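Modelling step: build the complete structure from the supplied sequences, incorporating the hints.
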Amino acid sequence: ETGVTQTPRHLVMGMTNKKSLKCEQHLGHNAMYWYKQSAKKPLELMFVYSLEERVENNSVPSRFSPECPNSSHLFLHLHTLQPEDSALYLCASSQDRLFPGELFFGEGSRLTVL
Amino acid sequence: GENVEQHPSTLSVQEGDSAVIKCTYSDSASNYFPWYKQELGKGPQLIIDIRSNVGEKKDQRIAVTLNKTAKHFSLHITETQPEDSAVYFCAAEGNFGNEKLTFGTGTRLTIIP
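Top to bottom, those sequences are chains A and S.
If you read the first sequence in the numbering used here, its first letter stands for residue 924, the second for the next number, and so on.
If you read the second sequence in the numbering used here, its first letter stands for residue 41, the second for the next number, and so on.
Among these hints, one or two may not hold up.
As the list claims (entries may be wrong) - Once the Cα atoms are required to be at most 25 Å apart in a straight line, the calculated BS3-like pairs of lysine-lysine come out as:
#: 1; chain 1: S; residue 1: Lys-140; chain 2: S; residue 2: Lys-97
#: 2; chain 1: A; residue 1: Lys-959; chain 2: S; residue 2: Lys-77
#: 3; chain 1: S; residue 1: Lys-77; chain 2: A; residue 2: Lys-963
#: 4; chain 1: A; residue 1: Lys-959; chain 2: S; residue 2: Lys-82
As the list claims (entries may be wrong) - On the chain A side, residues computed to face chain S include the following (Cβ under 8 Å):
#: 5; residue: Lys-963
#: 6; residue: Lys-964
#: 7; residue: Val-983
#: 8; residue: Pro-1006
#: 9; residue: Leu-1013
#: 10; residue: Glu-1025
#: 11; residue: Phe-1028
#: 12; residue: Gly-1031
Please keep in mind that the hints were generated in silico from the structure rather than gathered at the bench.
Since the structure is predicted, the reported quantities are computational estimates derived from the model, not experimental observations.
Beta carbons are placed, not taken as given, at the ideal position from N, Cα and C, and that holds for glycine.
This is the structure we're talking about:
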């Protein structure tokens, strides 16, 4: 496989469930990102990892918990979400965090919170 | 922090005509301006970018212009084709200490056959 792969593509969960989103990049990049995409809003940067270390957390509620076990994998653990958290969650990678240049995005995980 | 505004939010163009999408940014220190295309069911993909030391860049039917004085940049698509239908996002990246990308709200471009 090549590029950035996200699973699952679609997820429906209740407010009390716990689920995880997975991202894998096959590009040898050092930085990985989670973005939230909501209708008519700019892409919102949630978390940045550089060489498996979290370097940025953009005031994201604690019900979102990221994990980066190695430079190729990124997870977003979800628990006790709210309906307003329904959105497309995009994972991306870049060669480096500083002056990242081109971001390579996965196809996203469409999350619906009931 | 950086603020990027993008217009229009929707744009319909007859096939073969040109399309122009405009963005303005607030941080004069920003020096990298990419454009991403997002097709239905896909993630955004970089289509063209420009750095602040260049005023215009062209790649086949797409071009980007940058006016640093006015702090605005534009995407131009000529001879539009149905496969150009997508959502387009502009973005701006700052300099030291503010390297992250700030995105615009997107433009949904529809090419009418």
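Hint by hint, here is what the structure shows:
1. S:Lys-140 <-> S:Lys-97: holds (22 Å)
2. A:Lys-959 <-> S:Lys-77: holds (16 Å)
3. S:Lys-77 <-> A:Lys-963: Satisfied, since the Cα-Cα distance of roughly 15 Å is no more than 25 Å.
4. A:Lys-959 <-> S:Lys-82: Status holds; Cα separation ~14 Å.
5. Lys-963: Hint on Lys-963 (chain A): holds, closest Cβ of chain S at ~6 Å, below 8 Å.
6. Lys-964: Constraint on Lys-964 (chain A) satisfied, holds at 6 Å.
7. Val-983: With Cβ-Cβ at 14 Å, over 8 Å, it is violated.
8. Pro-1006: violated (22 Å)
9. Leu-1013: holds (6 Å)
10. Glu-1025: This interface hint holds because 5 Å falls under the 8 Å limit.
11. Phe-1028: holds (3 Å)
12. Gly-1031: Nearest chain S Cβ about 6 Å off; hint holds.
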